[in-house]
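Trainee: Chain order of the listed sequences is A and B.
Heads up: the first sequence at position 58 corresponds to 58 in this note's numbering, and the numbers run straight through without jumps.
Heads up: the second sequence at position 273 corresponds to 273 in this note's numbering, and the numbers run straight through without jumps.
Misleading hints may appear alongside valid ones.
For identical chains, the list gives no copy identity; a pair is met inside one copy or between any two copies.
What the hints assert, rightly or not - Think about it this way: if two alpha-carbon atoms lie no more than 20 Å apart in a straight line, the pair counts; the simulated SDA-like pairs of lysine to any residue are: (1) 238 with 50; (2) 97 with 123; (3) 97 with 185; (4) 303 with 168; (5) 77 with 146; (6) 263 with 189; (7) 238 with 248; (8) 180 with 11; (9) 263 with 285; (10) 33 with 252; (11) 210 with 54; (12) 210 with 143; (13) 210 with 98; (14) 210 with 329; (15) 123 with 98; (16) 140 with 55; (17) 180 with 7; (18) 33 with 51; (19) 97 with 84; (20) 146 with 85; (21) 37 with 286; (22) 303 with 157; (23) 146 with 30; (24) 140 with 212; (25) 97 with 6; (26) 22 with 64; (27) 141 with 6; (28) 303 with 130; (29) 77 with 18; (30) 33 with 238.
Read the hints as simulated data drawn from the structure, not as lab findings.
2 protein chains.
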Amino acid sequence: MSELRRDPISGRWVIIAVERGKRPSDFAPVSQKRKIKGFCPFCPGNEHTAPNEIIAFRPPNTAPNTPGWTLRVVPNKFPALQIHGDLNKRGEGIYDKMNGIGAHEVIIETPDHLASLSTMPIKAVEDVLWAYYFRITDLKKDIRFKYVLVFKNEGEAAGASIEHTHSQLIALPIVPQLVKNEMTSAQRYFELRDRCIFCDIIAQELEFEKRIIYQNDAYIVLSPFAPREPFETWILPKRHESRFEPREKSFSLLADALQTTLKKLDAVLETPPYNYVLHTSPFQDEINEYYHWHIEIIPKLTKTAGFEWGSGFFINPTSPEEAAQFMREATV
Amino acid sequence: MSELRRDPISGRWVIIAVERGKRPSDFAPVSQKRKIKGFCPFCPGNEHTAPNEIIAFRPPNTAPNTPGWTLRVVPNKFPALQIHGDLNKRGEGIYDKMNGIGAHEVIIETPDHLASLSTMPIKAVEDVLWAYYFRITDLKKDIRFKYVLVFKNEGEAAGASIEHTHSQLIALPIVPQLVKNEMTSAQRYFELRDRCIFCDIIAQELEFEKRIIYQNDAYIVLSPFAPREPFETWILPKRHESRFEPREKSFSLLADALQTTLKKLDAVLETPPYNYVLHTSPFQDEINEYYHWHIEIIPKLTKTAGFEWGSGFFINPTSPEEAAQFMREATV
Numbered sequence: 001m002s003e004l005r006r007d008p009i010s011g012r013w014v015i016i017a018v019e020r021g022k023r024p025s026d027f028a029p030v031s032q033k034r035k036i037k038g039f040c041p042f043c044p045g046n047e048h049t050a051p052n053e054i055i056a057f058r059p060p061n062t063a064p065n066t067p068g069w070t071l072r073v074v075p076n077k078f079p080a081l082q083i084h085g086d087l088n089k090r091g092e093g094i095y096d097k098m099n100g101i102g103a104h105e106v107i108i109e110t111p112d113h114l115a116s117l118s119t120m121p122i123k124a125v126e127d128v129l130w131a132y133y134f135r136i137t138d139l140k141k142d143i144r145f146k147y148v149l150v151f152k153n154e155g156e157a158a159g160a161s162i163e164h165t166h167s168q169l170i171a172l173p174i175v176p177q178l179v180k181n182e183m184t185s186a187q188r189y190f191e192l193r194d195r196c197i198f199c200d201i202i203a204q205e206l207e208f209e210k211r212i213i214y215q216n217d218a219y220i221v222l223s224p225f226a227p228r229e230p231f232e233t234w235i236l237p238k239r240h241e242s243r244f245e246p247r248e249k250s251f252s253l254l255a256d257a258l259q260t261t262l263k264k265l266d267a268v269l270e271t272p273p274y275n276y277v278l279h280t281s282p283f284q285d286e287i288n289e290y291y292h293w294h295i296e297i298i299p300k301l302t303k304t305a306g307f308e309w310g311s312g313f314f315i316n317p318t319s320p321e322e323a324a325q326f327m328r329e330a331t332v
Numbered sequence: 001m002s003e004l005r006r007d008p009i010s011g012r013w014v015i016i017a018v019e020r021g022k023r024p025s026d027f028a029p030v031s032q033k034r035k036i037k038g039f040c041p042f043c044p045g046n047e048h049t050a051p052n053e054i055i056a057f058r059p060p061n062t063a064p065n066t067p068g069w070t071l072r073v074v075p076n077k078f079p080a081l082q083i084h085g086d087l088n089k090r091g092e093g094i095y096d097k098m099n100g101i102g103a104h105e106v107i108i109e110t111p112d113h114l115a116s117l118s119t120m121p122i123k124a125v126e127d128v129l130w131a132y133y134f135r136i137t138d139l140k141k142d143i144r145f146k147y148v149l150v151f152k153n154e155g156e157a158a159g160a161s162i163e164h165t166h167s168q169l170i171a172l173p174i175v176p177q178l179v180k181n182e183m184t185s186a187q188r189y190f191e192l193r194d195r196c197i198f199c200d201i202i203a204q205e206l207e208f209e210k211r212i213i214y215q216n217d218a219y220i221v222l223s224p225f226a227p228r229e230p231f232e233t234w235i236l237p238k239r240h241e242s243r244f245e246p247r248e249k250s251f252s253l254l255a256d257a258l259q260t261t262l263k264k265l266d267a268v269l270e271t272p273p274y275n276y277v278l279h280t281s282p283f284q285d286e287i288n289e290y291y292h293w294h295i296e297i298i299p300k301l302t303k304t305a306g307f308e309w310g311s312g313f314f315i316n317p318t319s320p321e322e323a324a325q326f327m328r329e330a331t332v
């Protein structure tokens with residue numbers, strides 16, 4: 001029989017429709033393998049087609065906005081928000097609005113057009129995480145901003161408009177609703193038990209084992225108890241950390257956890273398109289006892305989210321226990 | 001400059017990215033016009049391929065599960081939830097779960113394979129609304145159920161797996177999260193002001209005019225102030241009604257509002273795929289002063305919802321004022 005499961009953090013209910021039991025091969029593959037096709041604005045030599053770089057990892061003898069870099073962060077050429085100006089918070093009758101002030105940046109993860117986060121050298125994955133961290137740390141200094149949303153759209157079906165592998169970040173003068181809901185819910189749990197709900201989940205998952213996909217000394221990768229979509233996967237630090245940060249001045253273990261997860265997704269689901277979103281504490285309450293940063297990865301396997309995203313109620317044809325088993329057993 | 005706008009009911013923030021200003025013709029059309037292609041389980045003559053009908057609108061001289069009907073409601077052949085059994089609510093460590101008990105039904109809206117809600121006779125649209133109402137009223141008697149989620153996936157890109165026009169409903173032993181959030185938020189507003197927030201929104205929109213698409217004596221159709229997606233459209237009763245119900249024993253005015261809206265969407269966006277979801281009060285608190293039932297329609301215009309649905313933060317390239325103007329001016 002199907003099960004109704006409640007995600008303890010967001011409160012959303014999900015039907016795990018085991019009778020529909022979809023295995024990896026039941027999803028139409030939309031392989032995201034890259035090929036060089038025509039002009040690419042993110043490839044070396046074409047630096048002039050993007051706005052000037054904000055930071056880059058490059059040898060000291062190379063000039064900004066010229067080849068030689070291994071990673072670049074540039075402003076989005078078509079930003080959803082602009083960096084200059086005042087917020088001018090105001091009402092329109094009973095509504096609330098403000099100017100679209102913020103930062104919208106692109107992290108070009110590698111000069112190699114054919115690489116992806118799952119195939120590039122592990123050191124390059126570490127650099128991507130450092131780029132996230134440096135940009136968050138820098139944008140935090142701007143008192144207009146309350147949150148930096150870091151995300152990745154991998155593959156056209158997941159919303160990537162440029163093939164060359166990249167992530168994005170948006171610095172926001174507000175805290176996104178899902179993060180706010182998670183904070184409130186985690187705070188409530190903490191008031192009741194004096195423990196972080198994520199820490200409790202991790203302890204329990206380590207005991208149950210069945211939803212664990214991978215772990216190293218610092219990070220755990222698991223299928224959440226009530227996943228919205230098949231093969232939804234979360235990466236969390238094992239010890240309590242409220243904000244995204246390196247572990248002992250290194251991102252090597254997180255890079256290992258992230259790349260291993262993506263390699264496993266590639267192996268099980270034939271290089272699927274996916275989205276991931278970094279969930280971390282808002283700047284205002286960055287260091288706290290109740291919230292636990294993590295990365296949520298959702299492969300894009302079904303044609304549409306349909307009514308589900310519009311109702312906050314999800315039907316998932318693949319149980320997280322089964323997904324975790326496929327992922328765990330995939331050799332990469 | 002872009003604007004950040006807050007939806008007063010859900011609390012979500014949306015960027016209205018006017019610089020990206022997408023007009024209707026900027027969206028790649030994925031026309032949902034129907035053609036007869038091969039066997040259709042919902043066409044007259046094939047009644048035996050679906051489970052037995054729950055209700056049907058048919059002449060008295062016709063037998064159940066035979067042709068002659070104008071509308072049928074049947075159990076979903078591959079239900080996400082099953083009707084028989086106990087909920088058996090239980091924990092799994094800190095998690096909450098229950099058996100997948102519920103109803104999952106399909107409303108076959110017309111025997112005409114080529115028809116759609118926007119093209120069928122208005123009387124047939126009324127019948128669809130009556131079918132929703134009858135089924136909700138019947139399922140309410142089952143004390144296991146707290147909510148009936150009525151929705152429609154129109155077109156393959158919006159998740160419809162069968163071309164023949166149909167809606168679905170899922171009776172649930174829980175209240176979906178988005179509805180719960182809306183209830184809580186509306187309740188809070190009511191405590192503060194002793195007024196329904198939706199009624200206030202309607203009064204204000206009638207004054208502003210710029211986001212109104214259509215109205216008749218009983219219903220108003222508008223672009224919400226902070227739409228998640230381009231051309232998101234809401235239909236609400238003008239007077240306070242907390243639960244979905246006919247007006248003076250008739251659905252004629254609601255059918256008029258719904259069909260006019262869908263015809264306008266077809267005209268402006270070339271028969272787009274879409275999802276709609278009926279938002280109504282949970283059974284337990286059906287008649288109340290603070291919540292206002294409504295229908296939310298979201299055309300499926302972009303390839304993916306991407307990171308946006310995963311973060312609760314949306315970038316919408318079409319302002320609701322512009323969308324409303326296109327919709328208002330479309331002659332149907």
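Trainee: Against this structure, judge whether each hint is valid.
Mentor: Taking the hints in turn, this is what the structure says about them:
For the homomeric pair residue 238 and residue 50, neither the shortest alpha-carbon distance inside one copy (38 Å) nor that between copies (49 Å) is at most 20 Å. In this assembly of identical chains, residue 97 and residue 123 lie within 20 Å of each other by CA distance neither inside one copy nor across copies; the values are 42 Å within and 41 Å between. For the homomeric pair residue 97 and residue 185, the shortest alpha-carbon distance between copies (18 Å) is at most 20 Å, but the shortest distance inside one copy (25 Å) is not. When the C-alpha separation of residue 303 and residue 168 is checked against a cutoff of 20 Å, the pair qualifies only between copies, where the shortest distance is 18 Å, while the shortest distance within a copy is 23 Å.
Taking the shortest Cα distances, residue 77 and residue 146 never come within 20 Å of each other, neither inside one copy (23 Å) nor across copies (48 Å). In this assembly of identical chains, residue 263 and residue 189 lie within 20 Å of each other by CA distance neither inside one copy nor across copies; the values are 34 Å within and 48 Å between. Taking identical chains as interchangeable, the C-alpha atoms of residue 238 and residue 248 lie at most 20 Å apart only when both belong to the same chain, with a minimum of 14 Å there against 59 Å between chains. Proximity of residue 180 and residue 11 under a CA criterion of 20 Å is satisfied in both settings, with 13 Å inside one chain copy and 10 Å between copies.
For a Cα distance limit of 20 Å, the shortest separation of residue 263 from residue 285 qualifies neither inside one copy, at 34 Å, nor across copies, at 48 Å. Taking the shortest alpha-carbon separations for residue 33 and residue 252, neither the intra-copy value of 25 Å nor the inter-copy value of 52 Å comes in at or below 20 Å. Proximity of residue 210 and residue 54 under a CA criterion of 20 Å is satisfied in neither setting, with 43 Å inside one chain copy and 40 Å between copies. When the C-alpha separation of residue 210 and residue 143 is checked against a cutoff of 20 Å, the pair qualifies neither within a copy, at 44 Å, nor between copies, at 34 Å.
In this assembly of identical chains, residue 210 and residue 98 lie within 20 Å of each other by CA distance solely across copies; the values are 19 Å between and 46 Å within a copy. Taking identical chains as interchangeable, the C-alpha atoms of residue 210 and residue 329 lie at most 20 Å apart only when both belong to the same chain, with a minimum of 12 Å there against 56 Å between chains. Taking the closest pair of Cα atoms, residue 123 and residue 98 never come within 20 Å of each other, the shortest separation being 40 Å inside a single copy and 44 Å across copies. With identical chains, the CA atoms of residue 140 and residue 55 are at most 20 Å apart within one copy only, with a shortest distance of 16 Å there and 59 Å across copies.
Taking the closest pair of Cα atoms, residue 180 and residue 7 come within 20 Å of each other both inside a single copy (15 Å) and across two copies (14 Å). Taking identical chains as interchangeable, the C-alpha atoms of residue 33 and residue 51 are never at most 20 Å apart, the minima being 27 Å within one chain and 42 Å between chains. Taking the shortest alpha-carbon separations for residue 97 and residue 84, only the intra-copy value of 17 Å comes in at or below 20 Å, while the best inter-copy value is 48 Å. In the homo-oligomer, the alpha carbons of residue 146 and residue 85 lie at most 20 Å apart inside one protomer (16 Å), although the nearest pairing across protomers, at 48 Å, exceeds that limit.
For the homomeric pair residue 37 and residue 286, neither the shortest alpha-carbon distance inside one copy (43 Å) nor that between copies (57 Å) is at most 20 Å. Taking the shortest Cα distances, residue 303 and residue 157 sit within 20 Å of each other both inside one copy (9 Å) and across copies (6 Å). When the C-alpha separation of residue 146 and residue 30 is checked against a cutoff of 20 Å, the pair qualifies neither within a copy, at 36 Å, nor between copies, at 38 Å. Taking the shortest Cα distances, residue 140 and residue 212 never come within 20 Å of each other, neither inside one copy (33 Å) nor across copies (39 Å).
In this assembly of identical chains, the alpha carbons of residue 97 and residue 6 lie at most 20 Å apart only when taken from different copies (6 Å versus 33 Å within one copy). Within a single copy, residue 22 and residue 64 get their C-alpha atoms no closer than 49 Å, and across copies no closer than 34 Å, so neither meets the 20 Å cut-off. For a Cα distance limit of 20 Å, the shortest separation of residue 141 from residue 6 qualifies neither inside one copy, at 37 Å, nor across copies, at 25 Å. In this assembly of identical chains, residue 303 and residue 130 lie within 20 Å of each other by CA distance neither inside one copy nor across copies; the values are 33 Å within and 30 Å between.
Only between protomers do residue 77 and residue 18 lie at most 20 Å apart by alpha-carbon distance; the minimum there is 15 Å, versus 44 Å within a single protomer. In this assembly of identical chains, residue 33 and residue 238 lie within 20 Å of each other by CA distance neither inside one copy nor across copies; the values are 32 Å within and 52 Å between.
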